[in-house]
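A.B. asks: Construct the entire structure; sequences and hints are all you get.
In terms of our numbering, the sequence shown opens at residue 1 and continues consecutively.
What the hints contain is simulated information worked out from the structure, not anything from laboratory work.
All C-beta atoms, glycine included, are put in the ideal place defined by N, C-alpha and C.
Check the hints yourself; a few may be wrong.
[As the list claims (entries may be wrong)] Straight line, CA to CA, 30 Å or less: simulated DSBU-like cross-link-like pairs of lysine-lysine:
#1 Lys351 <-> Lys375
#2 Lys218 <-> Lys351
#3 Lys218 <-> Lys241
#4 Lys381 <-> Lys351
#5 Lys381 <-> Lys355
[Claimed, not checked] Label-pair distances were calculated between CB atoms; the ranges are:
#6 Tyr151 <-> Pro334: 48 to 54 Å
#7 Ala211 <-> Asp453: 41 to 47 Å
#8 Ala14 <-> Ala183: 18 to 24 Å
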Amino acid sequence: MIDFYLNGRRQQCADVSPDTSVLELLRLRLGQTGTKEGCASGDCGACTVAIGEPDGRGNLSYHSANACIMPAHQLKGRHLVTVEGLARGDALHPAQAAMVDCHASQCGFCTPGIVMSLFTLHQGQRQHPAPLTQQRLESALGGNLCRCTGYRPIRDAALCMADYPDTHPLWADDPDLAGNVEALDRDATTIPARSSPGKAVGHFDSPTDIATLRELRKERPGSRLVAGATDLWLETTQQLKPLEDLIDVRQVAELTTIDETPAGFWIGAAVTFSRLEPLFAEHYPAFAHLMHRFASAQIRNRATLGGNVANASPIGDTPPVLLALDARLQLDGPGGPREIAIADFFLDYRKTALKEGEFLRALFLPRLDNDRQLKVWKLSKRREDDISAVLGAFAWRLEDGKMRDVHLAFGGMAAIPKRAAQAEAALEGQAPGQPAFTTALAALYREFQPLSDVRGSREYRLLAAGNLLERLRLCLDTDHEPHAEVCLDAYAH
Numbered sequence: 001m002i003d004f005y006l007n008g009r010r011q012q013c014a015d016v017s018p019d020t021s022v023l024e025l026l027r028l029r030l031g032q033t034g035t036k037e038g039c040a041s042g043d044c045g046a047c048t049v050a051i052g053e054p055d056g057r058g059n060l061s062y063h064s065a066n067a068c069i070m071p072a073h074q075l076k077g078r079h080l081v082t083v084e085g086l087a088r089g090d091a092l093h094p095a096q097a098a099m100v101d102c103h104a105s106q107c108g109f110c111t112p113g114i115v116m117s118l119f120t121l122h123q124g125q126r127q128h129p130a131p132l133t134q135q136r137l138e139s140a141l142g143g144n145l146c147r148c149t150g151y152r153p154i155r156d157a158a159l160c161m162a163d164y165p166d167t168h169p170l171w172a173d174d175p176d177l178a179g180n181v182e183a184l185d186r187d188a189t190t191i192p193a194r195s196s197p198g199k200a201v202g203h204f205d206s207p208t209d210i211a212t213l214r215e216l217r218k219e220r221p222g223s224r225l226v227a228g229a230t231d232l233w234l235e236t237t238q239q240l241k242p243l244e245d246l247i248d249v250r251q252v253a254e255l256t257t258i259d260e261t262p263a264g265f266w267i268g269a270a271v272t273f274s275r276l277e278p279l280f281a282e283h284y285p286a287f288a289h290l291m292h293r294f295a296s297a298q299i300r301n302r303a304t305l306g307g308n309v310a311n312a313s314p315i316g317d318t319p320p321v322l323l324a325l326d327a328r329l330q331l332d333g334p335g336g337p338r339e340i341a342i343a344d345f346f347l348d349y350r351k352t353a354l355k356e357g358e359f360l361r362a363l364f365l366p367r368l369d370n371d372r373q374l375k376v377w378k379l380s381k382r383r384e385d386d387i388s389a390v391l392g393a394f395a396w397r398l399e400d401g402k403m404r405d406v407h408l409a410f411g412g413m414a415a416i417p418k419r420a421a422q423a424e425a426a427l428e429g430q431a432p433g434q435p436a437f438t439t440a441l442a443a444l445y446r447e448f449q450p451l452s453d454v455r456g457s458r459e460y461r462l463l464a465a466g467n468l469l470e471r472l473r474l475c476l477d478t479d480h481e482p483h484a485e486v487c488l489d490a491y492a493h
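C.D. replies: Quick look at the structure:
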């Protein structure tokens with residue numbers, strides 16, 4: 001049974017298959033067709049909805065999500081808002097009214113998703129008033145593609161919606177809504193008795209503690225763990241594979257905490273990127289800058305750091321950064337918890353050091369000491385919501401004018417995220433000048449043989465990686481012109 005609220009009204013949906021998406025539930029089960037399917041992969045944003053969750057202070061906090069790749073069972077104990085739930089009779093919500101007045105819709109197919117992204121932006125502005133900067137605007141709309149209107153009128157609508165009368169949806173009048181949502185049972189095991197044709201019949205479990213998670217893994221070793229589902233769900237939407245046995249880890253307390261220690265931070269594997277953004281901004285600015293380029297707001301609101309690592313993609317954005325930081329991983333399973341260095345986690349293409357029944361429990365990020373530096377640069381065909389062609393993450397410290405503890409990590413250059421050990425050795429103990437970097441560049445070209453694919457040829461990837469190394473040299477070169485870094489920022493992102 002999925003017990004949740006939809007636009008202020010309680011819904012109880014039984015016999016829902018484990019691999020049913022929120023989009024399918026809305027359109028095929030509940031008859032709510034305002035939410036559209038564009039790409040079925042979380043890229044275009046046409047299916048954007050708002051998810052309201054209790055914030056622990058008696059309110060609901062809303063974030064955007066892609067309905068096409070969100071498991072319907074994760075609606076339990078939440079408030080789902082769709083485009084049908086915004087207007088107050090004939091009075092449009094400010095996001096809707098601004099889109100109309102700014103002529104920001106043409107064919108209209110993408111409009112519901114854009115409106116919902118603007119709705120979550122508007123809600124955030126109401127709850128936490130702050131200037132609407134260009135960065136916040138781009139972050140909110142970076143996951144919404146429009147193929148006919150152009151983005152200027154959409155941007156204009158976002159900028160002016162705060163000037164409209166604050167028309168609340170009807171459901172916002174209910175003073176008990178937040179309490180009613182919080183009172184719903186989120187902990188449930190679902191075994192559908194029947195399902196629609198072509199859909200899986202199986203389990204969708206939502207444990208709330210690590211002991212229950214271990215037991216479920218022991219009972220059903222073939223089960224798949226799911227948190228944000230932003231990558232896993234493509235197996236059913238793109239490859240049409242059934243997902244019959246899922247364990248949702250988003251509510252496991254031990255996997256959702258962030259613990260600060262004198263040496264660094266233990267981050268639960270199910271902590272989302274949106275939750276990590278403030279921590280990165282304060283302690284790892286280069287990592288925070290990467291988050292502006294990582295996927296979209298809809299994805300960051302659901303995707304987890306642990307999932308990005310356990311996925312073991314050679315072009316994942318965060319593993320090279322974690323390699324540069326010397327992160328450690330805590331694994332858990334039948335034999336109890338154990339720790340390994342992240343460099344020992346990736347074995348081969350999509351293969352990791354996880355043993356049967358094990359799962360990633362937490363990640364440890366060491367603090368950047370005062371003299372340790374981190375730079376992260378991502379190259380992709382599109383600034384927002386795109387996969388890396390090459391990503392470089394570089395950490396080092398300067399001691400008496402020499403580079404020490406040099407870590408050069410790359411994504412997109414091998415079958416796994418990988419450090420450039422030979423290039424590191426060429427820079428270790430050397431002054432950060434042209435001679436050392438020339439030697440390091442030659443070593444880099446020797447130790448990587450990347451593949452060619454749709455995101456870049458082998459030759460391009462080698463050249464791009466070398467250029468990122470050259471960029472690092474320019475950053476360390478105190479003799480280059482002050483405007484040089486600005487020019488690099490314009491072209492190297």
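A.B. asks: Could you grab the alpha-carbon distance between Lys381 and Lys355 and see if it respects the 30 Å cut-off?
C.D. replies: Judged against 30 Å, a Cα distance of about 36 Å means the pair is violated.
A.B. asks: So does Tyr151 sit 48 to 54 Å from Pro334, Cβ to Cβ?
C.D. replies: holds, 51 Å
A.B. asks: Would the hint linking Lys218 and Lys241 be met if the CA-CA limit is 30 Å?
C.D. replies: holds, 24 Å
A.B. asks: Within 18 to 24 Å or not, the Cβ separation of Ala14 and Ala183?
C.D. replies: holds, 19 Å
A.B. asks: Is the straight-line distance between the alpha-carbon of Lys381 and that of Lys351 30 Å or less?
C.D. replies: holds, 27 Å
A.B. asks: Between Lys218 and Lys351, is the straight-line Cα distance small enough, at 30 Å or below?
C.D. replies: Given pair Lys218, Lys351 holds - Cα atoms ~21 Å apart, limit 30 Å.
A.B. asks: Is it true that Ala211 and Asp453 lie within 41 to 47 Å of each other by Cβ?
C.D. replies: holds, 42 Å
A.B. asks: Lys351 and Lys375: Cα distance at most 30 Å?
C.D. replies: holds, 27 Å
In summary, the structure is inconsistent with hint 5 from the numbered list given earlier, while agreeing with all the others.
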